[in-house]
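Q: Next come the chains, spelled out residue by residue.
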Amino acid sequence: DAKTTQPNSMESNEEEPVHLPCNHSTISGTDYIHWYRQLPSQGPEYVIHGLTSNVNNRMASLAIAEDRKSSTLILHRATLRDAAVYYCILRERGNQGGKLIFGQGTELSVKP
Amino acid sequence: KAGVTQTPRYLIKTRGQQVTLSCSPISGHRSVSWYQQTPGQGLQFLFEYFSETQRNKGNFPGRFSGRQFSNSRSEMNVSTLELGDSALYLCASSLSPGTGMQTDTQYFGPGTRLTVL
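Top line first, the protein sequences correspond to chains F and L. The working numbering puts the first residue of the first sequence at 1184, with every later residue one more than the last. The working numbering puts the first residue of the second sequence at 8, with every later residue one more than the last.
In case anyone wonders, no lab produced these hints; they're calculated from the structure. Since no wrong hints were added, every one of them can be taken at face value.
Calculated pairs, SDA-like style, for lysine to any residue (alpha carbon to alpha carbon, straight line, at most 20 Å):
(1) 1186/F to 1229/F
(2) 1186/F to 47/L
(3) 1186/F to 44/L
(4) 64/L to 1275/F
(5) 20/L to 91/L
(6) 1294/F to 1192/F
(7) 1252/F to 108/L
(8) 1294/F to 1266/F
(9) 1186/F to 1214/F
(10) 1294/F to 1222/F
(11) 64/L to 1280/F
(12) 1186/F to 65/L
(13) 20/L to 84/L
(14) 1186/F to 49/L
(15) 1186/F to 64/L
(16) 1186/F to 66/L
(17) 1252/F to 1235/F
Some chain L residues judged to face chain F by a derived CB distance under 7 Å, without partners named:
(18) 38
(19) 49
(20) 50
(21) 52
(22) 62
(23) 101
(24) 104
(25) 105
(26) 115
(27) 116
(28) 117
Remember, it's a predicted structure, so these values are computed and weren't measured experimentally. Ideal placement from N, C-alpha and C gives every residue a C-beta, glycine not left out.
Full structure from sequences and hints, please.
A: Following this line, the structure appears as structure tokens:
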């Protein structure tokens, strides 16, 4: 399974943008990059995913490096509710099924 | 549409007992996966069921087992409980797991907090 590396923790101020990095140097051509987050006392929730091109949705943006060896999750205006652990996960098309391989993730704290 | 539900939410057992946890997936989802979350090991994949068949299994002892019913509801069982089994047990359901795409999205329940004394 391809591995991801993320900083253990990051801090942000409320209403400022946040860039959460993820390194995945062993990514294969068919791996999708998925991001999940886990708010305190809740199960993880899907944030965004992409393959090669940058992606935007109502929650965040995903910027993928041209060589796909790294990606960045962008929260455009952090709110206190965005304080969570963010996981970057590679999803291979094929027989992985529902298996997600979680790393340690990045714990994001947001200061008012 | 109702989300993933897990029962019970909290459970206290003693060593040696067994426990059964239940998960109801989102309507229409046929895949249910189970995860164990502990402070030391983080989130670890236990197993996945799809159309009543176990399709993937994580690296856990045989004391951990599961099953899926024809309505896609799933149960997991842990026999001969050990102190180290104290954890948050999460289940997730998805529509088309393994595609990597949007339909691959896993929807998680709130979890069952198991404490083994």
